[in-house]
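One line per chain: the protein sequences are A and B, in this order.
If you use our numbering, the first sequence corresponds to residues 1 to 224, in order.
If you use our numbering, the second sequence corresponds to residues 1 to 391, in order.
Note that these hints are calculated values from the structure, not bench results.
The C-beta atom is built at its ideal place from N, Cα and C for all residues, glycine as well.
Among these hints, one or two may not hold up.
Claimed, not checked - Dumping the calculated DSBU-like pairs for lysine-lysine here, alpha-carbon to alpha-carbon at most 35 Å:
id, chain 1, residue 1, chain 2, residue 2
1, B, Lys9, A, Lys83
2, A, Lys139, B, Lys24
3, A, Lys71, B, Lys54
4, A, Lys119, B, Lys284
5, A, Lys177, B, Lys70
6, B, Lys101, A, Lys135
7, B, Lys281, A, Lys120
8, A, Lys181, B, Lys24
9, B, Lys376, A, Lys119
10, A, Lys120, B, Lys9
11, A, Lys74, B, Lys301
12, A, Lys115, B, Lys376
13, A, Lys163, B, Lys24
14, B, Lys313, A, Lys115
15, B, Lys9, A, Lys139
16, B, Lys197, A, Lys9
17, B, Lys113, A, Lys120
18, A, Lys177, B, Lys284
19, A, Lys9, B, Lys313
Stated by the list, open to error - In silico contact screen, one side only, chain A against chain B (beta carbon under 8 Å); selected entries:
id, residue
20, Val67
21, Lys71
22, Arg85
23, Asn142
24, Gly146
Claimed, not checked - From the derived model, a few chain B residues whose C-beta atoms are all more than 12 Å from chain A:
id, residue
25, Lys9
26, Gln10
27, Ser14
28, Gly81
29, Ser84
30, Leu156
31, Asn214
32, Lys284
33, Lys295
34, Ser353
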Amino acid sequence: MGEVILSSKNLVKTYRNGKDRLIVLDGININIVSGSINTIVGESGSGKSTLLNVLSSLDSFDQGDLVIDGKDIKSLSEEGLSKFRNRTIGFIFQFHHLLPDFTVNENILMPIWIKSGYKKNQESLNLLDDFGLIKLKDKYPNEISGGERQRVAIIRAIINNPKIIFADEPSGNLDEKNSIKLIDLFKTINRDYGTTILLTTHNPQIASIGSKVFELKSGELKEK
Amino acid sequence: MNLYYHIAKQFFFSLNDIGKITKKISIIGIGLGSFALIISISVLNGFEQKLDEKISNFDGHIRISGLEQKFDISEIELLEGIVSTSFSLDRKGIINHSSDKSVVIFKQVDYNKIKSFYKVPFAGNNPNENEILIGNDVAARLGIRVGDEVIISSPLDNGSFLGFPPAIKTKVSGIFYSKILDYDNKYIFISNNIGKKLFHNISNLKSLDVKVKNSLEIDSIKKRLVSLLGTGKTIESWRDRNSALVSAIEMEKIGSIFVLSLIILVASFSMSSTLSLITIKKIKDIGILRLLGMKLGDIRKIIIFQNLIIGLKGLFWGMVIGSGLVSFQNFFNIISLPSDIYAMETLPMILTSEDIGIVFFINALIIIIAGIFGGKKYLKHDPLELLKWVK
């Protein structure tokens, strides 16, 4: 069994609604082992995205502890958190979130540029070639299909060799054929790069790729 | 290329029509402000240079008073930057013509230098040792014409044991017109010969007028003169002797730079609104960049680069067109002036690298400040909020 890369203890997240407080995450405890694929399922509105955003350091929490790759997230400054996200975490969303004014190659290179400055880099072309998308390198996001955009977003997420990838409903906007391609891609990334993957989904087929499947219900997380 | 510049440049591509128009308005505004600053500064410089020329042709750039009679002026003439020197003496006196009298200032000079040092234009003939040159306004006031005889006297000196001031009948050989009111209205050039006859009470008379090669070096030459001559001498530049006028010119310069900078300031508001438009339009992209690990400070750099792209384009064109007009005027003298009012035929324009530096600095400062404030309020949100932003 590998080491724990993500660990949360009693994470609580609430939203204020007038005078009331709505508890969305109620004492979340989770340990994610390095190199594993983990899925979180739950009904629509159960708080899967909120959980993923909190666990990936994108959203704040009210109580509890969160440690990713040995770093206590609460202790990081804005600058430290940005640097941490750039080097340790990869993000994939339901919507591809590619930058429309940049080519596919530039979109993939952006995390490297943020990390080490604006210079030529062969890495993105190698990855595009590995994943059979090299012909898209000079195209803009609006010139490629939805499935291609999502795969480009995944390549961008792994370009900096992150320790962990967070994927929020990655197949939400894809048809079945593209969803299957996406599952294969996650498996390939996990196998070839040893990247830990934590994803949320309501698609049972995608959920099944996880070595651990968690269910979020009424703000509580349980392993299935 | 810099990453922030690259992103800033790319963000302009997807501007909509309104964004493109406000961007163009910003560029034109900055350009107009820079152009106006360049022209205004160069015109003020030009007038200052003309003033320098005119006054130095009358009094020299520097005047040294209190020299001993035996002083060897070749020591001064050998100093670097000094072109020529001339002894002179200014003394109050009276001129009589017909029944009219006027208080004037006699300027006693060596007539051999009347054309080489004192390059004051005059109508009439070169004066001989017994003749005088009078100012245009003095001549007009007393109705004097070239060739007329006048009586000049020096009440500050004793001419006889009865106390009458020395007086000489002399001929007006010419009438000068420096187009500087104080000079044309008060001064009369007299020769050393006439001076000797008029000024009995002065033994060691004179001041030394000094002309320098480059009027921008007056202050450094003054310092060299002080170290050469030591204490006990008065060394004044024309600027020292006309400090009120020089201060007025400086104030005018500062005033016009300030007022014209307001054009750039107003243009910067338009620039800020363009930036806000771009920031709102690109808020999701900024969220993506933050998600990928870009720091807030780096996002600010992108916005400052966007401002620099707009501002420097305007600044470049404003400066190119402004400097071009200054050069064109200096070559072809296309803008003329009524010479009876301005004492010059064409509009003088001088632009130095220092002025270009000032215009660049003012613009850059306003552009960067506008960049810091433009779009600032949209950036305080965290990446997730930016990604969910509804336009």
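Outcome of the hint check:
Distance check on the hinted pair: B/Lys9 and A/Lys83 sit about 24 Å apart at the alpha-carbon level, within 35 Å; holds. In summary, the hint linking A/Lys139 to B/Lys24 is supported, as the alpha carbons are separated by about 29 Å, within the 35 Å threshold. Distance restraint check for A/Lys71 and B/Lys54: the Cα-Cα separation of roughly 76 Å exceeds the 35 Å cut-off, and the hinted pair is therefore not satisfied. The hinted pair formed by A/Lys119 and B/Lys284 meets the criterion: a straight-line CA distance of about 24 Å does not exceed 35 Å.
About 109 Å separates the Cα atoms of A/Lys177 and B/Lys70, which puts this hinted pair outside 35 Å; it is violated. Of the supplied pair hints, the one linking B/Lys101 and A/Lys135 is violated, its CA atoms being roughly 100 Å apart against a limit of 35 Å. Under the criterion of a C-alpha separation no larger than 35 Å, the hint pairing B/Lys281 with A/Lys120 is consistent with the structure, at around 28 Å. Between the alpha carbons of A/Lys181 and B/Lys24 the distance comes to roughly 46 Å, so the proposed pair goes past 35 Å and is violated.
Pair hint B/Lys376 plus A/Lys119 holds up; C-alpha atoms about 28 Å apart against a cutoff of 35 Å. Straight-line distance between C-alpha atoms of A/Lys120 and B/Lys9 comes to about 18 Å, which keeps the hinted pair within the 35 Å bound. This hinted pair checks out: A/Lys74 and B/Lys301 have alpha carbons roughly 27 Å apart, not beyond 35 Å. Restraint check for A/Lys115 and B/Lys376: the C-alpha separation of about 24 Å stays at or below 35 Å, so the hint holds.
With a C-alpha separation of about 46 Å, the suggested pairing of A/Lys163 with B/Lys24 is violated against the 35 Å cut-off. Simply put, B/Lys313 and A/Lys115 have alpha-carbon atoms about 30 Å apart, close enough for the 35 Å limit, and the pair holds. For the suggested pair B/Lys9 and A/Lys139, the alpha carbons sit about 18 Å apart, so the restraint of at most 35 Å is met. In summary, the hint linking B/Lys197 to A/Lys9 is not supported, as the alpha carbons are separated by about 111 Å, beyond the 35 Å threshold.
At roughly 72 Å between alpha-carbon atoms, B/Lys113 and A/Lys120 are farther apart than 35 Å, so this suggested pair is violated. Distance restraint check for A/Lys177 and B/Lys284: the Cα-Cα separation of roughly 29 Å lies within the 35 Å cut-off, and the hinted pair is therefore satisfied. For the proposed pair A/Lys9 and B/Lys313, the alpha carbon gap of about 55 Å is over 35 Å, so the pair is violated. Hint status for A/Val67 relative to chain B: violated, with the closest Cβ pair at about 19 Å, above 8 Å.
Hint status for A/Lys71 relative to chain B: violated, with the closest Cβ pair at about 14 Å, above 8 Å. A least Cβ separation of about 5 Å between A/Arg85 and chain B falls short of the 8 Å threshold, and the interface hint therefore holds. The interface hint given for A/Asn142 is violated, since its Cβ lies 10 Å from the closest Cβ of chain B, which is over the 8 Å cut-off. Hint on A/Gly146 is violated. Least Cβ distance to chain B is approximately 17 Å, over the 8 Å limit.
Here B/Lys9 does not stay apart from chain A, with its beta-carbon only about 9 Å from theirs, under the 12 Å limit. Taking the minimum C-beta to C-beta distance to chain A, about 4 Å, the non-interface status of B/Gln10 is violated against the 12 Å cut. Non-interface status of B/Ser14 relative to chain A is broken: a Cβ of that chain comes within 12 Å, the nearest being about 6 Å off. With 12 Å as the threshold on Cβ separation, the claim that B/Gly81 sits away from chain A holds: the shortest Cβ distance comes to roughly 50 Å.
Every CB of chain A is more than 12 Å from the CB of B/Ser84 (nearest about 60 Å), matching its label as outside the interface. With a closest Cβ-Cβ approach of about 79 Å to chain A, B/Leu156 is found to remain outside the 12 Å limit, as its non-interface label requires. The claim that B/Asn214 is not at the interface with chain A holds, since no C-beta of that chain comes within 12 Å of its own (minimum 46 Å). Interface exclusion of B/Lys284 from chain A breaks down, the closest Cβ pair being 8 Å apart, not more than 12 Å.
Consistency note on B/Lys295: stated as away from chain A, yet its beta-carbon is not over 12 Å from all of that chain's, at 4 Å minimum. In this structure B/Ser353 is separated from chain A by more than 12 Å, as the shortest Cβ-Cβ distance comes to about 32 Å.
Of the numbered hints stated above, those contradicted by the structure are hints 3, 5, 6, 8, 13, 16, 17, 19, 20, 21, 23, 24, 25, 26, 27, 32 and 33, listed in ascending order.
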